[in-house]
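For this one, chain E is given, so just place chain B on it according to the hints.
If you read the protein sequences in the order shown, they are chains E and B. Quick note, the working numbering runs 31 ahead of the 1-based positions in the first sequence. Quick note, the working numbering runs 31 ahead of the 1-based positions in the second sequence.
These aren't lab readings, by the way, just hints derived from the structure by calculation. Check before you lean on any hint, since a few could be wrong.
If chains are identical, the list can't say which one is meant, so a pair holds when it fits in one copy or spans any two.
As the list claims (entries may be wrong) - Below are the DSS-like pairs computed for lysine-lysine, each with C-alpha atoms no more than 25 Å apart in a straight line:
(1) K200 to K101
(2) K328 to K408
(3) K200 to K420
(4) K414 to K132
(5) K414 to K101
(6) K414 to K71
(7) K35 to K408
(8) K263 to K132
(9) K132 to K420
(10) K349 to K396
(11) K396 to K101
Just so we're clear, the structure is a prediction, and the values are computed from it rather than from any experiment.
There are 2 protein chains.
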Amino acid sequence: MKQKLNLVEGSIVAPQGFLASGVFCDIKRLGTGKGSQKGKKLDLALIVSEVPATVAGMFTTNQVCAAPVKVCVERVKKGRAQAVVVNSGNANACTGRQGMKDAREMTSILARQLHMPEEQVLVGSTGRIGVTMPMPNVKSGILHAVQILGNAPRQAEEAAEAIMTSDTKPKQIAVEFMLDGKKVRIGGICKGAGMIQPGMSATGARPAALPHGGLHATMLCFVTTDVAIDAKALQAALQEAVAHSFNRITVDGDMSTNDTVLVLANGLAANEKFRVQSSGFKVFQSALNHVCLELAKMIVRDGEGVHRVVTVRVNGAKTIQDADAAARAVANSALVKTSWHGGDPNWGRIIDAIGYSAATVVEEKVDIGYSAPNGEKILWSLKRGHPTKATFRELCLAASPKEFELHIKLNLGKACAVMYAADLTEHYVDFNKGDVTDPTTLGG
Amino acid sequence: MKQKLNLVEGSIVAPQGFLASGVFCDIKRLGTGKGSQKGKKLDLALIVSEVPATVAGMFTTNQVCAAPVKVCVERVKKGRAQAVVVNSGNANACTGRQGMKDAREMTSILARQLHMPEEQVLVGSTGRIGVTMPMPNVKSGILHAVQILGNAPRQAEEAAEAIMTSDTKPKQIAVEFMLDGKKVRIGGICKGAGMIQPGMSATGARPAALPHGGLHATMLCFVTTDVAIDAKALQAALQEAVAHSFNRITVDGDMSTNDTVLVLANGLAANEKFRVQSSGFKVFQSALNHVCLELAKMIVRDGEGVHRVVTVRVNGAKTIQDADAAARAVANSALVKTSWHGGDPNWGRIIDAIGYSAATVVEEKVDIGYSAPNGEKILWSLKRGHPTKATFRELCLAASPKEFELHIKLNLGKACAVMYAADLTEHYVDFNKGDVTDPTTLGG
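Excised from the complex, chain E in its bound form (with noise of 0.2 Å):
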């Protein structure tokens, strides 16, 4: 199972037969008479398979849901796409009957252009909320990406930056691994940097297993495969992939109505159709789950305003559900945040946390301690409740460094569960408050 995975350029359109692009159609600024032209920011992606492909997506659980989420959980249930079209700027979120109207449009406008059907076009929108869609100008972006599709030489790149927000770079990689002898490819683009704690399912609806109220980014990923999948076994692969990435990831706590991740598979590589839990499966998997797990950190580490980064491990925790709800309060805490900024150990806080959220706590059997990312030489603050005899300098080197783990052992069974967490800084309160004299840094 322990497959060679390496790291190799190309970013989405590294598997065979993707062709990416990105431009600037002026989506963000139109019509605030703030000179349309400042930045150029590119705004809008394509992504497109040469031939038809398997698809597979997950999706917000917020039950505010924008047209483009909507229009993709029908369309992905089919199991075939062959183009995806994104844009930045706005969300099309809280846009009612003309912003489904609109989302369908770009589908179509794309699907006319390269002669496919419109229900294997799908459409991702971030940004705004609650401002239609400038349509003119997202077509004239649509025409002029499909012009340049697979022509730029920065093509995947410039498609990944169409895709930002507040992120302040880039985010994707590429990965090739062997396949029954096949050379098999997985690249990817994600973008994110507020607004961040995903929860998404396959169909936009709450399982019951997902943690009540403890589901809360506009984060959007495109990931693309050559290898050959039916559209089953990726949807499994991707379920799984997302609950150990982008749903254990967290900045501010907040839930976005976008939250979107697709995969498209379109078998150039020419393995063997494999089945859920085949070793072909598990080979496939481990490299999805790779993939995301990456572009999910990036996600944290670029979010905003974020100084430090802190992977909040949660163990013995009497069910999944307990180590989840521990996990996400420590992770979630504005008292834990801003310590972790000050560079300040605080357990007394997380066990603050611990103790309020809904996992069993017993304050007497809790562990906590810090390490480097690797998680190795744990130096423990408490054990069994009790203050170790560890120095606070000690301790302040221990959450000094840019990146750290904090281990947090409840000693009552043997559940864990992992989030990837972020400070909360000045930065993020400042560069959220936004400026009323300019509404265009308002919104979603």
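Below, chain B alone, put in the same frame as chain E:
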């Protein structure tokens, strides 16, 4: 039932037969080598009734719960108390057996001085977590406080100051009303500025009805009254008052290990004792509700770094649990709170938070509006999921006062809930990130 309620001077010593004092005994800075006399902020308070009183209490439901809370839960059950000793600077939380010994010792020192049974002395603490109490200082503080009990001209105000931690001002109130032709008074003091989202119950155990995970300050509140009432009726009245006041506030969403509300009723007003739900009870309830709500709002207004106070009113929810979940999601959303700080009406973030809450929400039915604190003339930004014609300038104006109300109608049922909430500011982050060169700024 509508009884005239007059505000009176005197705070907790306004009711007959109550004495108070506040002293400095250097609890916080002890042993830190920071120059212990610096500032001399009062840090130990006494509240004493001249005669034994009926008592009721509400306590944090945090599973990690401080020693003084454990002592009070046990003693309040017996329904009788005569004195309370309270310190700031140290929470006596996560201090194990020594903490329990110290909490009891505090009560026994005071009991010996006042010649009353130890079981009728209660204790409260707030401050750093995980540090044992500096008992020699505490003891000398109690002896000093007993000496000056009732003698200082500002006795109640000094008690209110002594319980402050990050509070910028003392919080106190007293009211007077008539019951069976007798003049009755209620006084109260409280403290709390950070780690504020209390969820208290009578025993510290979580009632099933309380929202899962939605319970999250140290806030302390001490109420005195000369009403004659039995313990059962007093506890019933306090639970009702806390449910609509302290359990409805949030500064940062973090529930403390120490949250406590205690009421001592010494009967010196000599009214006829009344039973739960009698007309006399209702008059008392109404006055107690007023005292608790005013004190609770003082906490939010003086919350750490708070610039704006927002009352979040959710109406038309399917169930009370839904109304509560929606109100808490909005009141604790980092993005909503930062937008309040900026004076940004940002209904997109608000509907996003409602949508990810545990409440049942239908986007096309949601109304969102803003009003002055009196709740009149609501300016709607969203009606049935659609933006209204209100202009961005008008909405900014409605969200610009230091205090305003946010109205959310789900239009799915008849249940409602309110949360008294605050913005999230750079000042909050800066204050709470601490200073790792000065351990006394850290901890709980």
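Each hint, compared with the structure:
For the identical chains of this complex, K200 and K101 are neighbours neither inside a copy (28 Å) nor across copies (51 Å), given an alpha-carbon limit of 25 Å. In this assembly of identical chains, K328 and K408 lie within 25 Å of each other by CA distance solely inside one copy; the values are 22 Å within and 46 Å between copies. Neither within a single protomer nor between protomers do K200 and K420 lie at most 25 Å apart by alpha-carbon distance, with minima of 42 Å and 37 Å respectively. In this assembly of identical chains, the alpha carbons of K414 and K132 lie at most 25 Å apart only when taken from different copies (21 Å versus 58 Å within one copy).
In this assembly of identical chains, the alpha carbons of K414 and K101 lie at most 25 Å apart only when taken from different copies (21 Å versus 48 Å within one copy). Taking identical chains as interchangeable, the C-alpha atoms of K414 and K71 are never at most 25 Å apart, the minima being 54 Å within one chain and 35 Å between chains. Taking the shortest alpha-carbon separations for K35 and K408, neither the intra-copy value of 28 Å nor the inter-copy value of 66 Å comes in at or below 25 Å. Taking CA atoms no more than 25 Å apart as the test, K263 paired with K132 passes in neither setting, with 29 Å inside one copy and 61 Å between copies.
For the identical chains of this complex, K132 and K420 are inter-copy neighbours only, at 22 Å across copies versus 64 Å inside a copy, given an alpha-carbon limit of 25 Å. Taking identical chains as interchangeable, the C-alpha atoms of K349 and K396 lie at most 25 Å apart only when both belong to the same chain, with a minimum of 12 Å there against 40 Å between chains. Proximity of K396 to K101 under the C-alpha cut-off of 25 Å is restricted to the inter-copy arrangement: shortest distance 18 Å between copies versus 46 Å within a copy.
Hint violations for this structure: numbers 1, 3, 6, 7, 8, all remaining hints satisfied.
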